[in-house]
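Go ahead and model the full structure; you've got the sequences and the hints to work with.
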Amino acid sequence: MGLSFAATFAERNLDVSFEMRTGETLAVLGPNGAGKSTVLSLLAGLLTPTTGCAELDGAVLFDVGGSGRTLTEPRERGISLLAQDALLFPHLSALENVAFGPRSRGVPRTAARAAAHKWLERVGVAELAHRRPHQLSGGQAQRVALARALAVEPSLLLLDEPLAALDVSVTPAMRLLLREVLQERTAVIVTHDPLDAFLLADRVLVLEGGRIVESGPTAEVLTRPVTAFGARLAGLNLVQGRRTRTGFAGGNGIEVPLADRLPEGTALVLAVRPAAIGVSLSGHPGADAAVVSAEIDDVEHRGDLVRIHAAGLAADVAPADAVAHGLVPGLAVDLRIRHGDVTVYPTRREEQESGRSTAGSGR
Amino acid sequence: MIRMRLLTRGRRLLLLPAAVLVVLGVSACGADGAPGDDATGDSDGGSITVFAAASLKEPFTALAEQFEDAHPGAEVTLNFAGSSDLATQLVEGAPADVFASADESTMESVRRAELLDGEPITFATNTLQLAVPPDNPAGIASLDDAARPGVKTVVCAVQVPCGAAAARVEEATDVELTPVSEESSVTDVLGKVSSGEADAGLVYVTDVRAAGEAVLGIALPEAADVVNSYPIAALTGSQESGAARDFVDFVVGDDGRAVLEAAGFGAP
Amino acid sequence: MELTAVRLPRWVLVLAAVGALFVVLPLVAMALRVDWPHFVPLVTSESARAALLLSLRTSLAATALCVVFGVPMALVLARTSFRGQRILRSLVLLPLVLPPVVGGIALLYTFGRRGLLGGTLETLGVDIAFSTTAVVLSQAFVALPFLVLSLEGALRTVGTRYEAVGATLGASRWTVLRRVTLPLVLPALVSGAVLSFARALGEFGATLTFAGSLEGTTRTLPLEIYLQRETDPDAAVALSLILVVVAILVVGAAHRVRPLGGPATARPPAPAVRRAAGAP
Numbered sequence: 000m001g002l003s004f005a006a007t008f009a010e011r012n013l014d015v016s017f018e019m020r021t022g023e024t025l026a027v028l029g030p031n032g033a034g035k036s037t038v039l040s041l042l043a044g045l046l047t048p049t050t051g052c053a054e055l056d057g058a059v060l061f062d063v064g065g066s067g068r069t070l071t072e073p074r075e076r077g078i079s080l081l082a083q084d085a086l087l088f089p090h091l092s093a094l095e096n097v098a099f100g101p102r103s104r105g106v107p108r109t110a111a112r113a114a115a116h117k118w119l120e121r122v123g124v125a126e127l128a129h130r131r132p133h134q135l136s137g138g139q140a141q142r143v144a145l146a147r148a149l150a151v152e153p154s155l156l157l158l159d160e161p162l163a164a165l166d167v168s169v170t171p172a173m174r175l176l177l178r179e180v181l182q183e184r185t186a187v188i189v190t191h192d193p194l195d196a197f198l199l200a201d202r203v204l205v206l207e208g209g210r211i212v213e214s215g216p217t218a219e220v221l222t223r224p225v226t227a228f229g230a231r232l233a234g235l236n237l238v239q240g241r242r243t244r245t246g247f248a249g250g251n252g253i254e255v256p257l258a259d260r261l262p263e264g265t266a267l268v269l270a271v272r273p274a275a276i277g278v279s280l281s282g283h284p285g286a287d288a289a290v291v292s293a294e295i296d297d298v299e300h301r302g303d304l305v306r307i308h309a310a311g312l313a314a315d316v317a318p319a320d321a322v323a324h325g326l327v328p329g330l331a332v333d334l335r336i337r338h339g340d341v342t343v344y345p346t347r348r349e350e351q352e353s354g355r356s357t358a359g360s361g362r
Numbered sequence: 000m001i002r003m004r005l006l007t008r009g010r011r012l013l014l015l016p017a018a019v020l021v022v023l024g025v026s027a028c029g030a031d032g033a034p035g036d037d038a039t040g041d042s043d044g045g046s047i048t049v050f051a052a053a054s055l056k057e058p059f060t061a062l063a064e065q066f067e068d069a070h071p072g073a074e075v076t077l078n079f080a081g082s083s084d085l086a087t088q089l090v091e092g093a094p095a096d097v098f099a100s101a102d103e104s105t106m107e108s109v110r111r112a113e114l115l116d117g118e119p120i121t122f123a124t125n126t127l128q129l130a131v132p133p134d135n136p137a138g139i140a141s142l143d144d145a146a147r148p149g150v151k152t153v154v155c156a157v158q159v160p161c162g163a164a165a166a167r168v169e170e171a172t173d174v175e176l177t178p179v180s181e182e183s184s185v186t187d188v189l190g191k192v193s194s195g196e197a198d199a200g201l202v203y204v205t206d207v208r209a210a211g212e213a214v215l216g217i218a219l220p221e222a223a224d225v226v227n228s229y230p231i232a233a234l235t236g237s238q239e240s241g242a243a244r245d246f247v248d249f250v251v252g253d254d255g256r257a258v259l260e261a262a263g264f265g266a267p
Numbered sequence: 000m001e002l003t004a005v006r007l008p009r010w011v012l013v014l015a016a017v018g019a020l021f022v023v024l025p026l027v028a029m030a031l032r033v034d035w036p037h038f039v040p041l042v043t044s045e046s047a048r049a050a051l052l053l054s055l056r057t058s059l060a061a062t063a064l065c066v067v068f069g070v071p072m073a074l075v076l077a078r079t080s081f082r083g084q085r086i087l088r089s090l091v092l093l094p095l096v097l098p099p100v101v102g103g104i105a106l107l108y109t110f111g112r113r114g115l116l117g118g119t120l121e122t123l124g125v126d127i128a129f130s131t132t133a134v135v136l137s138q139a140f141v142a143l144p145f146l147v148l149s150l151e152g153a154l155r156t157v158g159t160r161y162e163a164v165g166a167t168l169g170a171s172r173w174t175v176l177r178r179v180t181l182p183l184v185l186p187a188l189v190s191g192a193v194l195s196f197a198r199a200l201g202e203f204g205a206t207l208t209f210a211g212s213l214e215g216t217t218r219t220l221p222l223e224i225y226l227q228r229e230t231d232p233d234a235a236v237a238l239s240l241i242l243v244v245v246a247i248l249v250v251g252a253a254h255r256v257r258p259l260g261g262p263a264t265a266r267p268p269a270p271a272v273r274r275a276a277g278a279p
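In order, the protein sequences belong to chains A, B and C. The first sequence finishes on residue 362 if you use numbering that gives the first Met the number 0, and the numbering steps up by one all the way, no holes. The second sequence finishes on residue 267 if you use numbering that gives the first Met the number 0, and the numbering steps up by one all the way, no holes. The third sequence finishes on residue 279 if you use numbering that gives the first Met the number 0, and the numbering steps up by one all the way, no holes.
No wet-lab data here; the hints were simulated from the structure. Heads up, some of the hints might be wrong.
Just some of the chain A residues that point at chain C, by a computed CB distance under 8 Å [claimed, not checked]:
id	residue
1	45
2	47
3	104
4	151
Even glycine gets a Cβ: it sits at the ideal position worked out from N, Cα and C.
Structure representation (structure tokens):
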């Protein structure tokens, strides 16, 4: 059981096929215009493929171009969609928005409202039940929209850049919420952000020009990118590690204190930008920074900056500094990472191999 | 040359766009045929404007042509509309040299405004007829037929001259019509009849004649006594009072008589 | 940051003022001509009351017809695409630019006794000639484009994204239409209906040509005004003023209908106060 999808869409020169197991979350990555959203629209039934066939849990979503032509109406697919914009119905309250799906499926009014309440509570905005959409902030609206998408208990949840339109101050909380609700749920998420893929998805599919150019388990694709886009995606340093008593301990020796309440041993991932890592010949750990000592693996000249690879991390330094410190492969250096520049999240699956650091080359 | 001006409804409303045009530096003049405009130099001639009842359109168009032929250099501009429209325009200051009305009360309103140069002269009469569609589907032969229940008869509203005449016919013949519509003009009555929408319409003999094949006229001997008189008069505001009086004389004279008779008008 | 008013070239202001005067001055001129001491008796005469009531009744009925047929038409034009759609749209909007008399003639040849459908209607026992129904048909004919136009525009502006969401949430087509599409365009529907009503109220040419003129049956207020003008200009002016007032109320009402979703937030920011020290 699960999803099987194979379709072409001539208008966008799209030709994609993939399969998913029930309970799996798939991240679809790719540059603008690669056809990511088209895949979602084909799944949701908002677009009709030129040819192709898709089945969800044994039910045909579409079968076009072969002998017959089967098209299941969007409402009968059991697929709900959360887009970049919340698209809450402006004339309905938050509660009525969430109750819309159950009501449309014939649930009596009071039962639908009760279910809507439950879902609003689940996404943490129960107190906003009676607000109209224009009285909600972007983050609140997106939470309500998530509740609305979940309230119909979909067999497949589609998320189209659900965090892209949100203020940066609310994305971490929303990302954690998504992570929670996507556990054990079959979902396809379209995103630009490798962090989303890392935290939310079991598998990644990279689209370019309407074709799948890479696919596989998230960690694999993001650590060993074989295409330029995959490499760009991996521009962020992602370090896998575990929760210790005091904080985060990464496989490459990095330690960062944390104030969360996660149990010891929880699998975590730390993200830090190459530009936020300082490189020196002898760094001092301080109250506000972590230091990783390592030998330089590689030095990459990239125009107006130099990228140093060491301990699985990428660090960007100014060319003048690189020359002044004589940074060459084999040299022992200290990488200094300020605590304020890192982001740490629990990873999606416990079974994901831990202790491995990931670093990309190029952005 | 005959110029017909477009029906001007309420001259006052026209003043504002004219003012706008002036502001824009565009001249709105010249179209009105100001005196002396392309005149031939013949002292005989003069440009006059004649306001005439709509029912006079055909005979007056012919008469103006004949008048211009007989008076070299003369130029007649004709303006046809409902008599009361024209009277309103005159009282509001519209420039004209001659007024020919379809009834005496309208002429009277112009006279009360002291716009008449001399006494009005009755130059024609008109009586009513029943107009029916060419195939006469309701088989109308008399006024009584038009009053039958189920027959769709259309008349003019009493507010307009043909309606007032219709009311007098009803009174004189003691026939009570129950019209399905009381139209604002003869044209509307004829339109309803010629389209077959109505079975019969009460209009002037001359209207039936002018409508040609579109309708069939049923003579009403019993209505012969109800006569509408058409008066004509020169106006005091005229710049060409000589030419204006000449035109009046021409219409009441033998030439005018012949043309009017051909159009179905009765003698005064 | 300080906002300053957008400066326009002076000649634009002058022309705008002339244009505004061109519209307003005739109304003022008419109001000045009203015989105020006799205003009330003039507008409450039996024929005037009959005409006003008939106008209101028929305009309401015509508006209802416009809604019943105009909403589906707008939906089809905005949400589907088919061959000849552009032509169809142009045809639907034709009554906007046609002289009403032409509309009347066209209706006559359609619903008249000898019209295209006249025979059929007659056998069905429907007699439209010279009836109030004919008035309603004339009014609906000229008013329909207003509703279709305003609603189609709103439907295109709103787009299909909300409808798509509704469909993925399991709503049937009818539910999407009823609970998503129509509520979203409700303001446009209301203002379109109001404009249709106003247009129906002002209908003259088509009614005169097609329906005739009989007190209480087909003589609407504009026809009454036209007729009164023959003998009683004062009454005509007084009644005209009534129509002007109704029109102003209706247009005002149409403009008060706000789009959904933003009372306070949708408003533009209040203009900043200009510095007193600045140039005039």
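Sort out which numbered hints this structure fails and list those numbers smallest first.
2
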